[in-house]
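Make a model of the complete structure from these sequences and hints.
This is what each chain is made of:
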Amino acid sequence: MRKVAQWGNDLYTGKRSYAFVDKRMLWFAIAGVLLIASILVPVVKGGFNLGIDFRGGSEFTVSSVADPDVSIGEEAVLGVVDAEGLRVTELTGDSVRVQTDRMSDDETLAVAEALSEAYSVTSEEVTSTYIGPTWGEDVSRQALIGLVVFVVLVAVLMAIYFRTWKMSLAAIIGLMVVVVVTAGIYAVTGFEVTPSAIIGFLTILSYALYDTVVVFDKIRENTADFEEQRERTFGEQVNLAINQTLVRSINTSVVAILPIGSILFIGAFLLGAGTLRDLALALFVGVIVGTLATLYIQAPLYAHLRAKDPKILSHTAEVMSQRESRLA
Amino acid sequence: MSSTSPVRHARRALIWLCVLTVGLLGILIAGVSSGQAQTTPKLALDLEGGTQMILAPRVDGNESINDEQLQQAVEIIRQRVDGSGVSEAEISTQSGRNVVVSLPGTPDAQTRELIQASANMEFRPVIMAGSYGATPEAERLADEELPEPSGEPENASDTNWITPELYREFEAFDCEAALQERSIEAADPEQPTITCDPEMMVKYIVGPVEVDGDRIADANYGPARNSQGFQTGGWAVQLSFDSTGASEFREVTSRLVTLQGAQNQFAIMLDGLVVSAPTANAVIPDGNAEITGNFTEESAQQLAEQLKYGALPISFDIQSEQQISATLGANQLQMGLIAGVIGLVLVAVYSLFQYRTLGLVTLASLVVAGILTYLALVLLGWSANYRLSLAGIAGIVVAIGLTADSFIVYFERIRDELRDGRNLVSAVETGWLRARRTIIASKAVNLLASVVLYVMAVGNVRGFAFTLGLTAIADLIVVFLFTHPVLQLLARTKFFASGHKLSGLDPSLLGVQPLYQGAGRVRGLGSAAARGSDGSSSRAAGDAGGRLTIAERRRAAAAESAKEDDHA
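Those protein sequences? They're chains A and B, same order as listed.
Read in UniProt numbering, the first sequence has 59 at position 59, and its numbers run on one by one without any break.
Read in UniProt numbering, the second sequence has 433 at position 433, and its numbers run on one by one without any break.
Each hint should be verified, as a subset may be incorrect.
Unchecked claim - A few chain B residues facing chain A, derived, Cβ under 7 Å:
#	residue
1	Gln-323
2	Ile-324
3	Ser-325
4	Val-347
5	Val-397
6	Glu-412
7	Asn-446
8	Ala-449
9	Leu-453
10	Met-456
What the hints assert, rightly or not - From the derived model, a few chain B residues whose C-beta atoms are all more than 10 Å from chain A:
#	residue
11	Val-7
12	Leu-25
13	Ala-30
14	Asn-66
15	Pro-104
16	Glu-139
17	Ala-142
18	Gln-180
19	Ala-236
20	Glu-290
21	Tyr-374
22	Ser-383
23	Val-486
24	Arg-492
Claimed, not checked - If you anchor each label on the Cβ, the simulated ranges turn out as follows:
#	chain 1	residue 1	chain 2	residue 2	range
25	B	Ala-364	A	Ser-321	50 to 56 Å
26	A	Glu-113	B	Glu-148	43 to 49 Å
27	B	Thr-135	A	Asp-69	55 to 61 Å
28	B	Ser-92	A	Ala-19	50 to 56 Å
Simulated from the structure, these hints should not be mistaken for lab results.
From the three backbone atoms N, C-alpha and C, an ideal C-beta is built for every residue, glycine too.
Given below as structure tokens:
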């Protein structure tokens, strides 16, 4: 605690400082590499691991089974219908998931019955889901519309609130990096992309911008009358703001991650695949990427966008000359 | 008096919070005691068990379905589901395109087909009418008396359609039982069929289809008028056909007016059941018919709507269908709640670690936010039939972190103000002025995202967006009416004001001391330390003083004097 507080104090006073702005070209280069990788990987790997919602098909979940042996399920299904694209997976210790290509209603009922018999559970324990092949596309299209609408609205909101479109622009560019890199992480790890995950993506946008707004607010405060002092350049003022909000950024991310992590844990280990896990996984990845993006991309990018402003150029020159004369 | 104003403000805010909470609670208690509300939120199907189907209308190519059509489609499906005896079904539209059907339990294949099928309206001439139930064995015709067709039927009303087998079937047909088993379906349009009119309690043998339902251009209802144009006090249903329908209908009516008895009637059938079987009084040449009879306003309206659906031959594709067993739902609910509790505990532990006693304020604020959210969920369940889904619970759990964040923003602000050398009382006030703005701005982003998500999202993840937005509002209320006032009051306690080591606001921890050991806070503008190149404490102290920009100092002074004005 004492160490953390001391560290926080040092960050606040500027005694300790991380060069978010000074080394921005390095961060941008890293981000660029990540962006390219995030675009290339899915292309090379042949796309994402799309969930059943995008492929279309039938899914059964058998819960509370005594012996989650995959072959029992395979035999049971094949004994009833000639199911194509059959995939049986053990979800958790006591449940099994069966996925197949699209089946007719009669087949679905027959398979559900066969599964409950094979695993000797009541029919109550068998959950079936049927998903049409266009469902996932529908969700994605809506998500894309949602993304565009949200970005436009929030860009306007931020431009009005901060009274500078450059902050808005920096925030939105950073947001795109978050989205693409998160998608890239999904492609690399082969996490399943489901409609829930896509909605999770959209929520990340909200979180990433929320985080950015808090940091930008401090930047705005620090740079509001930057010309009235000769202590720091505009860029240094921005950097100080990032450092001063660093403790908050860390605390916020930790506090945001904790509940998401607990959903992820419960969702992945106790419930198996489903809404909870997919949502939480996207959020988990996104919150981390979003926090880093605010620190390393969005805030430095704002300083970068403004660096060529005549007012800032002359102010920076003045600060530098004063500093040199003092050192001399 | 200068220190009492914030106290008064704090008390007032807390009283408002009490009023709000008690008010919501009062409404709920009133609802519960009148038996209309329940004390827990209503649960969605994924938690309660049941089946959810998302249906997309099947449309050709570029055709799209408009709002009114979709509403009518929902109405048709509702009638079918209700008719099939499933209680508590919920049918709604989604994103202006899809229809969501939620049913408790698992529907059988028949219900499923019923829901998916297009509304099938057809006009068939009546050939024979009979009693609603099966004819008693004793009264049935002897084999030799059975009607024998004398040749090929000449038109749809021809009794030659009735074969001995059809007649036997007609005698044995029990409408009551058939409705129970829902075994009446749309039959082959080229063939005669047996059907029932549940309204009039009659069963019919009807001929082949003569006019298709989609020939109906429009249908309306209104007060019936006699030939002089005076209202007769009854109700009438007007329907009009398109040009093809008009000529087909002219043919039918010109034949029917010449026939006697039941054969004078034509049956209007929807999904295989007769909704009305009016007699033809005259030839209808122009396709504008009026049906009169023993209509009440309600039954006239119902028939008019049913006729309109006939013009709406939409069938649906099941886009996704989910069956959740009740045990799985209960299990998911339990897991969701456990995730919430774990999340809450972790956040509490972390806050206590980071902010010591202030962490308790976080925890208390979260609890208040939780109570408000719970009340809102229950009341929305009652007033707007809102149902909490698993995704909704996920939204609430995620919101724990987002809600705690507003406190962190505020606490860090207070710490910053303390570092600048303010005393706690004024740090709480000036910190609030700045944190408030940040909190509002960032929550606005959150709310915007929830609204966009809610409007755009398809599937059950809508619940996620909803609770996320709801908790953002609860968070704002709590920060304004609870967290800030509580801190205003706590700042005056000795424990906090003296900067007790466990208060989380210990000045020695926050680097306030060195500041005072220096030459005052507007002193020495050491610049090298600004870039972190120097670790000496005196430099740091000097720098801390220099950290306040002129503008900041000016603003702080303005805030101070504004406060003084407040108190005056």
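Each hint tested on the structure:
Checking B:Gln-323 against chain A by beta carbon gives a least distance of about 5 Å; that is within 7 Å, so the hint holds. For B:Ile-324, the interface hint holds, since its Cβ comes within 7 Å of a Cβ in chain A; the closest pair sits about 6 Å apart. Contact between B:Ser-325 and chain A, as hinted, is supported at the beta carbon level, the nearest pair being about 5 Å apart and thus within 7 Å. Satisfaction of the interface hint for B:Val-347 is found here, the shortest Cβ-Cβ separation to chain A being roughly 5 Å, below the 7 Å cut-off.
The beta carbon of B:Val-397 is positioned within 7 Å of a beta carbon in chain A (closest approach about 5 Å), and the interface hint is therefore held. Because the closest C-beta pair between B:Glu-412 and chain A is about 4 Å apart, less than 7 Å, the hint holds. With 7 Å as the threshold, the beta carbon of B:Asn-446 comes within range of chain A, its nearest partner Cβ sitting at about 6 Å, so the hint holds. Because the smallest distance between the Cβ of B:Ala-449 and any Cβ of chain A comes to about 3 Å, under 7 Å, the interface hint for this residue holds.
Because the closest C-beta pair between B:Leu-453 and chain A is about 6 Å apart, less than 7 Å, the hint holds. A least Cβ separation of about 3 Å between B:Met-456 and chain A falls short of the 7 Å threshold, and the interface hint therefore holds. Listed as outside the interface, B:Val-7 is consistent with that label: its C-beta sits roughly 28 Å from the nearest C-beta of chain A, beyond the 10 Å cut-off. Residue placement check: B:Leu-25 keeps its beta carbon more than 10 Å from all beta carbons of chain A (closest about 26 Å).
Every beta carbon of chain A lies more than 10 Å from that of B:Ala-30, the smallest distance being close to 34 Å; the non-interface claim holds. Every beta carbon of chain A lies more than 10 Å from that of B:Asn-66, the smallest distance being close to 19 Å; the non-interface claim holds. With a least beta-carbon separation of about 13 Å from chain A, B:Pro-104 lies farther than 10 Å from that chain, consistent with its non-interface assignment. Remark: the non-interface label on B:Glu-139 is consistent with the geometry, its nearest Cβ contact in chain A lying 40 Å away (cut-off 10 Å).
A cut-off of 10 Å between C-beta atoms confirms that B:Ala-142 is not in contact with chain A; the least separation is 42 Å. Separation of B:Gln-180 from chain A is adequate, the least Cβ-Cβ distance of about 22 Å exceeding the 10 Å criterion. The claim that B:Ala-236 lies off the interface holds: its Cβ sits roughly 42 Å from the closest Cβ of chain A, which is beyond the 10 Å cut-off. Non-interface call for B:Glu-290 relative to chain A: holds, since the shortest CB-CB distance, roughly 42 Å, exceeds 10 Å.
Every CB of chain A is more than 10 Å from the CB of B:Tyr-374 (nearest about 17 Å), matching its label as outside the interface. Remark: the non-interface label on B:Ser-383 is consistent with the geometry, its nearest Cβ contact in chain A lying 26 Å away (cut-off 10 Å). No beta-carbon of chain A comes within 10 Å of the beta-carbon of B:Val-486; the shortest separation is about 19 Å. The claim that B:Arg-492 is not at the interface with chain A holds, since no C-beta of that chain comes within 10 Å of its own (minimum 23 Å).
At roughly 53 Å, the beta carbons of B:Ala-364 and A:Ser-321 sit within the given window of 50 to 56 Å. Between A:Glu-113 and B:Glu-148 the Cβ separation comes to about 47 Å, which falls inside the hinted range of 43 to 49 Å. For B:Thr-135 paired with A:Asp-69, a C-beta distance near 58 Å keeps the hint of 55 to 61 Å intact. Checking the proposed 50 to 56 Å range against B:Ser-92 and A:Ala-19 shows it holds: the Cβ atoms sit about 54 Å from each other.
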